[in-house]
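Colleague: Below are the chains, spelled out letter by letter.
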Amino acid sequence: MTHNKSYTLDEIAELLDLKLIGDGQCKIAGLGTLKHAGPGELSFLSNPSYASQLTACQASAVIVRAEYAESCPAHALVATDPYVAYAKASALFDSSPLNPPGVHPTAVIGDEVELADSVYVGPYAVIESGVSIGADSKIDAHSFIGRGSQVGNNCRFQNNVTLYHDIVVGDNVVIHSTAVIGADGFGFAFDGAKSVKIHQLGSVCIGDNVEIGAGTTIDRGAIDDTRIGNGVKIDNQVQIGHNCQIGDHSIICGCTAIAGSVKIGRYCIMGGASGAVGHISIADRVKVSAMTLVSQSIAEPGTYSSGTGHMKTSEWKRNIVRFQQLDGIAKRLKEIEKNTDKK
Amino acid sequence: MTHNKSYTLDEIAELLDLKLIGDGQCKIAGLGTLKHAGPGELSFLSNPSYASQLTACQASAVIVRAEYAESCPAHALVATDPYVAYAKASALFDSSPLNPPGVHPTAVIGDEVELADSVYVGPYAVIESGVSIGADSKIDAHSFIGRGSQVGNNCRFQNNVTLYHDIVVGDNVVIHSTAVIGADGFGFAFDGAKSVKIHQLGSVCIGDNVEIGAGTTIDRGAIDDTRIGNGVKIDNQVQIGHNCQIGDHSIICGCTAIAGSVKIGRYCIMGGASGAVGHISIADRVKVSAMTLVSQSIAEPGTYSSGTGHMKTSEWKRNIVRFQQLDGIAKRLKEIEKNTDKK
Amino acid sequence: MTHNKSYTLDEIAELLDLKLIGDGQCKIAGLGTLKHAGPGELSFLSNPSYASQLTACQASAVIVRAEYAESCPAHALVATDPYVAYAKASALFDSSPLNPPGVHPTAVIGDEVELADSVYVGPYAVIESGVSIGADSKIDAHSFIGRGSQVGNNCRFQNNVTLYHDIVVGDNVVIHSTAVIGADGFGFAFDGAKSVKIHQLGSVCIGDNVEIGAGTTIDRGAIDDTRIGNGVKIDNQVQIGHNCQIGDHSIICGCTAIAGSVKIGRYCIMGGASGAVGHISIADRVKVSAMTLVSQSIAEPGTYSSGTGHMKTSEWKRNIVRFQQLDGIAKRLKEIEKNTDKK
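Chains as they are written, first to last, in numbering that gives the first Met the number 0: chain U, 0 to 342; chain H, 0 to 342; chain R, 0 to 342.
Since the hints were made in silico from the structure, they are not lab data. Wrong hints could be hidden among the right ones.
Stated by the list, open to error - Far from chain H, some chain R residues (derived; all Cβ distances over 12 Å): (1) D9; (2) E10; (3) L19; (4) P47; (5) G129; (6) G133; (7) F187; (8) A192; (9) D223; (10) G264; (11) I279.
What the hints assert, rightly or not - Simulated pairs of lysine-lysine, BS3-like, Cα-Cα distance not exceeding 30 Å: (12) H:K316 to U:K286; (13) U:K193 to H:K4; (14) R:K262 to H:K196.
By construction, the Cβ of each residue, glycine as well, lies at the ideal position given by its N, Cα and C atoms.
Based on the sequences and whatever the hints tell you, model everything.
Modeller: The structure is reproduced here in structure tokens:
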């Protein structure tokens, strides 16, 4: 992929603090995968299972571990962790539009709003009264920041982000389109005939360096607040229920559903479309695989799964019938073992 | 959590119709959990498993069942159902912003729109022609009400709610941000080479006292209408397919996926991230646990589940291999039983 | 359902290229199901399991296969595939609002935007600089088209559709409300202490004749582009990760979660709330049943499933305990077989 920025390899080596083996004047105008990169592009080899693609790689330069520097057919940028180096390189070539500071004349700004001078507010955004937005933050078109919410410095809200009232967002937080922060938690008391709404009086507190994906919803707390730790990364269409606490640097992949009052530790990874039932705790450094339901607390770090692998539906149908007989099968086996022992 | 409203205990006892044991002049300024409430706050004890927290509770008053009134260290509000009483108390302290009646000058209002005098329409809302909105309803910023839709009295649409054309919404309906009501049902006829769109000519009818969460989508019917009964509560990111019928007072937890033409009875509970395949019926008072797929009709009330519990991935991998052999295992067991019998 | 358009049976027979047996002057004002259609309505019989409803059908006309023409109590329109004929008939009676060409005065249009004369842009839409929109396309209220994106001819974006920057959309593409195309893929490199963002430099390319449901998110590629083939139909609340490739004419049902770099073939069907883990390939003409997780590549066409059927929770609890013992059960069975063989 070629972008409108370009750098010499010397510049890239300096910016990324990498050792260059090759021509420092070589111009790089974009990034490419090992397989598809062409001249003028920079690639990377991180996962050793792609090492065989290195020989035929057409990139002008490749970020590699020291052990691959010699066999690299292009200029080599040597990194301890090529994947992290690639992440940093990707920032150099990011050409996504960044609007200059300023408030679009169509934005509706309430009373007693504090906007740092360097803030951008896009067309048709609505900023309610009592809101404060820190330096260098960008609030794009159609976003809605509810009464009394506080947004830190250097945040980036894409178009059509919603914050309900009294939400607190830290610094360097990215929120993608149609995410909704602080809608009512799902709380009702059943009185025997109907559900009586439990008004949700808490808020949502989001730490620093958090990223929140498109279509994700994080509910406000019932009484206390919902809390998202520092460095947490949340993908698209994730649902986080009221009063959850997500520990620092945890990662929540797309379409994950976390019920209310779940406490997730630090450095956890919830796989795509996974879930957790309400009122449980998950320890630090727990990994949960895709579409796994965590149905009770997990006290030990490690990797956890539920479900069955996919198979041909015809075979699957026979097996799920047996699954429903499984307790009986186990008992019959036990019986046979008992009889066999006797003999 | 302390709010800007406060009440004496006498006032709360009267408003909630509860018996007070203690000082009626004591001022209450907010709600708190048994564990975290402090002076000036009201708490509640509903689930007996938290009874041990009562002794150390710092709240000024606690809503309790009669049996706990004596051991309550604070003023006691005695309730038959403390959880319902707490729900009612939560309404007293709700400080979420409510805009006064009036149509924001930036709202775009079509022809022949009927807005009751007491209606609020927020900035940049778009109300298409032929829409009617009943008394005391509030339609917040960026919402879109499609041509000919009818909204009842005392509804609350948060910012950025979408109603397509010709949708009917009852009274006292709350809809949260980015919910979409009445998009096309997913209907295509495959002609052997491509999918031919089935235009969705039905609508969506939503009863009274319904709540619909952020990011939820309810599709319009193919020919007849999709119907949501009275008192139904729907959480965030739920998908309800075309021509579904959801019975009165049922509860649909977050991220649930209901395919087309599903009929769900009254007083059902669909757990979080559960699902139902199309064209089935579910009886009244059925509960479905989290991430369960209902794959055929359920005729009897009760609680239903599918899936497997989570376990360490290493153990799980061994077990899912066996799951794929399960039919064979059952047959081999049968064979042994036959042979054992013979002997 | 009665609409404001009506046709004679002769007209319908001609427009749909069907043989009519009956009164060509009979007026049809709408469509109805076999069960609920009344006089003046047209119905259809496609699934033979509904054939018993034909006798009592009150419709004025029914679309049927030749074999049912004689037993049809109403005028008969004879079709090889009545379901496809019904799909075409549904288009005749679609009365959803279509705005005439023109740019609403409140739309914000950036520099160097190319809008064909016949384009409609709704109130408060934001079209950033460098965008082009082809003939007859309609972009409804509150939509946001990011810098440099290209939209083909005859597209229909409902209100509040988001395209990030540099997205390419083909002709005849329908996108429903709150869908987000081109948000950042979920890519981070963990440096041992924190997640370093991988800027997402690719785009999204969407083919012709695609439909995308409400609340669906399709992420932009990390380096190369995410690609949606021609004729692909995507339901509501689907998540498609960065660098996925969806083959022509595949169908993705609601709430499906597809991780990054998944390649899905042509004419596939992903059932509702199904999923696929990252970096796998799925062959052409694969069907995946509802809530199935595809956890590795599928090389052969066919139907695939995972999970367990639902059952009463009390029985299920016993069976999931046994599932966790399943590898042990299989080994014990093997042991018995060995011992039995010896005897």
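Colleague: Of the hints given before, which are not true for this structure?
Modeller: Result: no hint breaks.
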